[in-house]
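> Protein chains in written order, with this note's numbering: chain H, 1 to 261; chain W, 1 to 261.
It should be emphasised that the hints constitute simulated quantities derived from the structure, not laboratory data.
A few of these clues could be false.
Copies of the same chain look alike in the list, so a pair counts if it works inside one copy or between any two.
Below are the DSBU-like pairs computed for lysine-lysine, each with C-alpha atoms no more than 35 Å apart in a straight line [to be verified]: (1) LYS56 / LYS159; (2) LYS41 / LYS91; (3) LYS159 / LYS237; (4) LYS56 / LYS41; (5) LYS255 / LYS56; (6) LYS239 / LYS41; (7) LYS17 / LYS255; (8) LYS159 / LYS255; (9) LYS260 / LYS159; (10) LYS201 / LYS260; (11) LYS260 / LYS56; (12) LYS91 / LYS237; (13) LYS159 / LYS41; (14) LYS17 / LYS239; (15) LYS201 / LYS56.
There are 2 protein chains.
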Amino acid sequence: MDLTTMAPSEVRGLIRKGEITGPTAGMCAGYAQANLAVLPKELAYDFLLFCQRNPKSCPLLEVSDAGSRELHAIAQGADLATDIPKYRVYKNGVMVEERTDASRLWRDDFVSFLIGCSFSFEAELLEAGITVRHIEENRNVPMFRTNIDCVPAGIFSGKMVVSMRPLPHDEVVRAALITGGMPRVHGAPVHIGSPEAIGIKDINHPDFGDSVTIRDGEVPVFWPCGVTPQSVIMNVKPKIAITHSPGHMFLTDVKNVQLKY
Amino acid sequence: MDLTTMAPSEVRGLIRKGEITGPTAGMCAGYAQANLAVLPKELAYDFLLFCQRNPKSCPLLEVSDAGSRELHAIAQGADLATDIPKYRVYKNGVMVEERTDASRLWRDDFVSFLIGCSFSFEAELLEAGITVRHIEENRNVPMFRTNIDCVPAGIFSGKMVVSMRPLPHDEVVRAALITGGMPRVHGAPVHIGSPEAIGIKDINHPDFGDSVTIRDGEVPVFWPCGVTPQSVIMNVKPKIAITHSPGHMFLTDVKNVQLKY
Chain H
1 MDLTTMAPSE VRGLIRKGEI TGPTAGMCAG YAQANLAVLP KELAYDFLLF
51 CQRNPKSCPL LEVSDAGSRE LHAIAQGADL ATDIPKYRVY KNGVMVEERT
101 DASRLWRDDF VSFLIGCSFS FEAELLEAGI TVRHIEENRN VPMFRTNIDC
151 VPAGIFSGKM VVSMRPLPHD EVVRAALITG GMPRVHGAPV HIGSPEAIGI
201 KDINHPDFGD SVTIRDGEVP VFWPCGVTPQ SVIMNVKPKI AITHSPGHMF
251 LTDVKNVQLK Y
Chain W
1 MDLTTMAPSE VRGLIRKGEI TGPTAGMCAG YAQANLAVLP KELAYDFLLF
51 CQRNPKSCPL LEVSDAGSRE LHAIAQGADL ATDIPKYRVY KNGVMVEERT
101 DASRLWRDDF VSFLIGCSFS FEAELLEAGI TVRHIEENRN VPMFRTNIDC
151 VPAGIFSGKM VVSMRPLPHD EVVRAALITG GMPRVHGAPV HIGSPEAIGI
201 KDINHPDFGD SVTIRDGEVP VFWPCGVTPQ SVIMNVKPKI AITHSPGHMF
251 LTDVKNVQLK Y
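Hey, can you work out the whole structure from these sequences and the hints?
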């Protein structure tokens with residue numbers, strides 16, 4: 001069974017049966033994976049508005065109907081409560097458990113937000129012959145809190161979280177153009193070169209994820225990161241929120257290349 | 001007083017004082033103009049979701065805070081209740097009046113949606129040497145109801161309305177690429193060539209706007225149109241809704257060129 005070449009619907013089926021519970025990196029090559037954030041309807045308007053105002057950190061791929069576990073645009077026949085390998089359940093802003101099936105917790109007022117993921121633009125960078133260091137070193141991407149304010153919306157506000165990929169000088173512009181062509185998965189870098197300019201004190205100690213090697217002559221390049229919405233949600237300590245567990249993403253039926261147009 | 005070269009904030013000031021009450025076409029050359037739709041907060045979530053699901057016909061430039069007459073991203077110091085030359089007031093889906101100042105009607109629960117307008121991409125087409133027929137003939141752009149379903153969201157659903165511009169064969173692709181680079185103002189055409197394929201029976205009798213000349217060898221090219229959200233709002237007959245009057249747009253501080261990135 002080669003998960004890299006299987007169709008997303010097949011792999012979602014295996015996840016639903018509990019046969020896959022690990023990270024999804026590398027599965028269904030060429031297809032986009034998505035971040036999940038589930039909120040009660042009473043918080044959904046403010047959060048939807050937050051995403052509208054902060055499309056670089058929160059690029060929405062799809063928003064479910066309230067109470068529905070189905071999607072229409074980015075996946076057919078999926079069940080949002082079972083088709084992610086590992087969920088995180090937050091109560092009052094504190095993670096209370098991780099579980100592989102969220103159906104028992106699902107409520108009629110839940111709205112699911114599917115947010116674009118940098119896996120998609122990394123696939124494009126690799127395709128273009130640009131090395132992605134954390135993939136090369138088999139680590140999680142380094143992520144940092146910045147001093148960049150998101151545009152507030154209702155109860156939601158906070159700082160942008162960014163991911164960092166070191167690149168040789170002569171590949172920076174090409175990487176900016178390639179990712180800039182994919183705004184639905186975070187798009188172009190938000191900053192190039194000076195960690196301190198965006199409030200990052202120590203480039204070797206990320207706030208989330210792992211540290212990676214920055215070689216001589218390489219520039220740190222920073223992209224808006226899908227951890228931003230999670231971080232912003234936790235700031236308001238909602239009574240309940242469900243997200244995917246880091247790295248355990250939702251597999252969509254949409255090819256990365258479709259996110260360019 | 002040359003309104004084509006004045007700053008948008010100055011012209012908004014004149015509109016606020018009641019010194020301008022006519023159409024805004026041609027004012028503040030180079031700056032984007034926006035459609036306005038104002039709805040009570042209780043309808044705002046469904047409409048915001050509708051825009052998220054139908055970004056081609058409803059590209060949001062900004063959504064106000066509930067009750068606020070101000071904007072933050074696309075205009076500074078503007079007053080949404082006074083800075084549009086002519087408003088339309090709808091009650092239960094029926095237009096009950098046009099007025100040049102909406103402040104007396106404004107409510108604490110009003111949410112304003114500013115939606116990108118094809119004026120921006122027409123400026124780019126003209127800049128690129130592509131003739132825009134209705135401008136050449138000094139008419140309103142022809143608009144048609146289609147058989148293309150919008151993606152429903154809550155109480156909002158309906159067919160896409162499109163605008164049509166005839167182009168010589170050899171300019172169609174260039175026009176598609178130019179407008180495709182401006183997704184925040186409707187983006188690329190939704191259809192090229194066959195009116196009947198999208199449910200248009202008579203290309204010479206538009207549902208809105210004026211008819212324009214289609215010359216021999218020219219192809220009708222169709223773009224998603226900002227009349228779609230208005231038409232969809234009226235379908236649900238909200239107790240109250242306010243929009244701009246056709247052609248009497250909101251002048252933003254954003255240059256058209258900024259809408260490309």
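> If the cutoff is 35 Å on CA atoms, where do LYS255 and LYS56 land: within, between, both or neither? Let me know, please.
both (20 Å within a copy, 20 Å between copies)
> When Cα atoms must be at most 35 Å apart, do LYS17 and LYS239 count as within-copy, between-copy, both, or neither?
Answer is within; shortest intra-copy Cα gap is 29 Å, inter-copy 48 Å.
> Given identical chains, is LYS17 near LYS255, meaning Cα to Cα at most 35 Å, within a copy, between copies, both, or neither?
within (24 Å within a copy, 52 Å between copies)
> If the cut is 35 Å between Cα atoms, do LYS239 and LYS41 qualify within a copy, between copies, both or neither?
Result: close both inside a copy and across copies, 12 Å intra and 23 Å inter.
> Up to 35 Å between alpha-carbons, please classify LYS260 paired with LYS159: within, between, both or neither.
both (27 Å within a copy, 25 Å between copies)
> Given a CA cutoff of 35 Å, do LYS201 and LYS56 count as a within-copy pair, a between-copy pair, both, or neither?
within (23 Å within a copy, 41 Å between copies)
> How would you classify LYS56 and LYS159 at a CA-CA limit of 35 Å: within, between, both, or neither?
both (13 Å within a copy, 29 Å between copies)
> Between LYS41 and LYS91, at a C-alpha cutoff of 35 Å, which is it: within one copy, between copies, both, or neither?
both (16 Å within a copy, 27 Å between copies)
> Give the relationship of LYS260 and LYS56 under a CA distance limit of 35 Å: within one copy only, between copies only, both, or neither.
Cα proximity of LYS260 and LYS56: in one copy and across copies (15 Å, 14 Å).
> Have a look at LYS56 and LYS41 and pick one of within, between, both or neither, based on CA distance no larger than 35 Å.
both (23 Å within a copy, 25 Å between copies)
> If the cut is 35 Å between Cα atoms, do LYS159 and LYS255 qualify within a copy, between copies, both or neither?
For LYS159 and LYS255, the Cα distance is within 35 Å both inside one copy (30 Å) and across copies (27 Å).
> Could you place LYS159 and LYS41 in one of the four classes (within, between, both, neither) given a Cα distance threshold of 35 Å?
both (24 Å within a copy, 27 Å between copies)
Every hint from the earlier list agrees with this structure, and none is contradicted.
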